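J.: One letter stands for each residue in the lines below.
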Amino acid sequence: MKPGERRWQDRYLPYLIILPALVLTIGILYPFILAIVYSLTDYRLVSPTRHFIGLTNYLDSFQDINFWYSLAVTLLYAGLTIIIEVPLGLGVAMLLNHEIRGIRSFRFILIIPLMMPPVIAALMWKMIMAENGILNYFIGLIGAAPVPWLANTYSLLSIVLIDVWLYTPFCAIILLAGLQSLPKEPYESAMVDRASGFFIFRHLTMPMLKPFLILAILFRTIDSLKMFDLVYATTKGSHSTMLMQVSAYYEAFRWYNMGKSLSHMIIIWVVIFIISRMLISWWNRAMQRATGTER
Amino acid sequence: MKRSRYLTPKRQTLIWLTLAGYAIFALFPLIWVVMMSFKSHIDIISPVPKFIFTPSFENYKAILFGGQSMQYEAGQTDFLLYFKNSCIITISAVVLSLLAGVPAAYALARYRFRFKDDIAFTFLSFRFAPEIAVIIPIYILYQKLHLYNTYVGLIFVYQLITLPLIVWIIRGYFEDISVEIEQAAKLDGYSWWGVFTKIALPLVKPGLASTAVLAFIFAWNNFIFGLILGSSDTYPSTVGALGFISYESVLWGQMAAATVITIMPPLILAIFIQKYLVRGLTMGAIRG
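Residue numbers (the numbering used here), protein chains in the order written: chain A, 1 to 295; chain B, 296 to 583.
Honestly, I wouldn't trust all of these hints.
Part of the chain B face toward chain A, derived, beta carbon under 7 Å [said to hold, decoys possible]:
hint, residue
1, Ala321
2, Gly396
3, Tyr406
4, Ile427
5, Ile431
6, Ile558
None of these hints come from the bench; they were simulated from the model. This structure is a prediction, so every number in the text was calculated from the model and none was measured. Cβ atoms here follow ideal geometry from the backbone N, Cα and C, with glycine treated the same way.
Use the sequences and the hints to build the structure in full.
T.: This is the structure:
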């Protein structure tokens, strides 16, 4: 064998090693491709025939007020959860970033909501938010009227609350890792220069935390846009909580409009794809500037 | 960590109190529901919430053994079945992902080959895809392949959750091992399998174990796959817990008990993976 020449086994070895995972992946990719294909048909589960109708489903969706409404509710939901969870998570992370006795127990307590099944968390809160539940009892104690947490006017906010309860720890954990990885020297110089705490926070901490903030925002945005469990468990998809995946679920499994439902899903998937690409490349740049390396 | 001169006793107490406040917020729902699971029906529906009550096991008995509590029949007698389903599906899914994913992670970490980045990105994309997009075609496929409402069918779909996690995180662990050790072994005549099993695997064992546990937790917590692609034979616990809500009434106590039992496995396991959590949550992006 000449130097530099590889046996055929060496050339194909990586592919062989990866083969089982690849088989599973293709098994999952095939339905994805089918999803795109079906979205271009008028497939209804109840009728055996499918006709290729091109982009009709998509055009219908763009003219359907319910589609835009659902998209708006989903974007609102994602926006609210991020605006609350990231700053709150940062606050908690900054609190946890101290060497105090017992801080580790707090860290564990903090992540308990995160480790629970979202559906179960939703059920728990459903029990707490019931008309005659404990939450309204506490509200009554301070003299206010009981709030119909799960009725149409408040239900979206209630679900946002559950999301915040579940996923603020997610942001906190990531940001805490970020805070703990920050170099000490800039802070020491700032102390020497007698910089104010606020200045330090705004010009030292925040820029260095950027990669971690972006990561937290990335994961929370995508998961919020996809949210299904919380809505289904609390309101089963009432009018004011009709997020995209929930409406797609009903479109497919109650009205059997597979094609139309899939067109909604493809649209939200494209939205997720675009947002995640933007955020990931933003993250790459932030990582390069913060650490001088590329991931 | 902030320096100790900054931490006056006053500041310490303040921080401690604020964190305690948040801890109450985080724990209260859990504690309340645990209490509810031990309350008798009368205590639950009492207009003034009772913090002090005599505990009773009637809810647990009802859902585990189908016993009748006074005149209230068990909401469902299948809860043990659902718990068993969760165990079978989740553990099998994680095992399958480990068998396929760990070698794949190694290949991605150590070798250069065409399509490497595309394949890696495909794994990652599963984490970000909206589930219903893939569930609908799979639902149709499964009907034809008779995989609807089967363990096998669900174990396969669960790969969407467990495989990306395992591949991306364990790839990071393999990348953290220095190449020199493996090259030394290769010079000693080990084949790739020898290097993999005798050098690489033992070195990533702790990370591997915790990633497997994390995958278990995420798979266990899943709801949507079981809801749509399963039926009363194969529903996992998470789906079964919803069964206590019917049109006539909500069996609060039993639902609370079912909730508590369902969250036990992931919560207990979470204790063991503290160190590896950040890596797991960010798909390996942060070394934590």
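J.: None of the hints should be skipped; say for each whether it holds.
T.: Each hint tested on the structure:
Checking B/Ala321 against chain A by beta carbon gives a least distance of about 6 Å; that is within 7 Å, so the hint holds. Because the beta carbon of B/Gly396 sits about 6 Å from the nearest beta carbon in chain A, less than 7 Å, this interface hint is met. Here the hint on B/Tyr406 is kept, as its CB sits about 4 Å from the closest CB of chain A, short of 7 Å. A cut of 7 Å between beta carbons decides the hint on B/Ile427: the least distance to chain A is about 5 Å, and the hint holds.
For B/Ile431, the interface hint holds, since its Cβ comes within 7 Å of a Cβ in chain A; the closest pair sits about 5 Å apart. Because the smallest distance between the Cβ of B/Ile558 and any Cβ of chain A comes to about 5 Å, under 7 Å, the interface hint for this residue holds.
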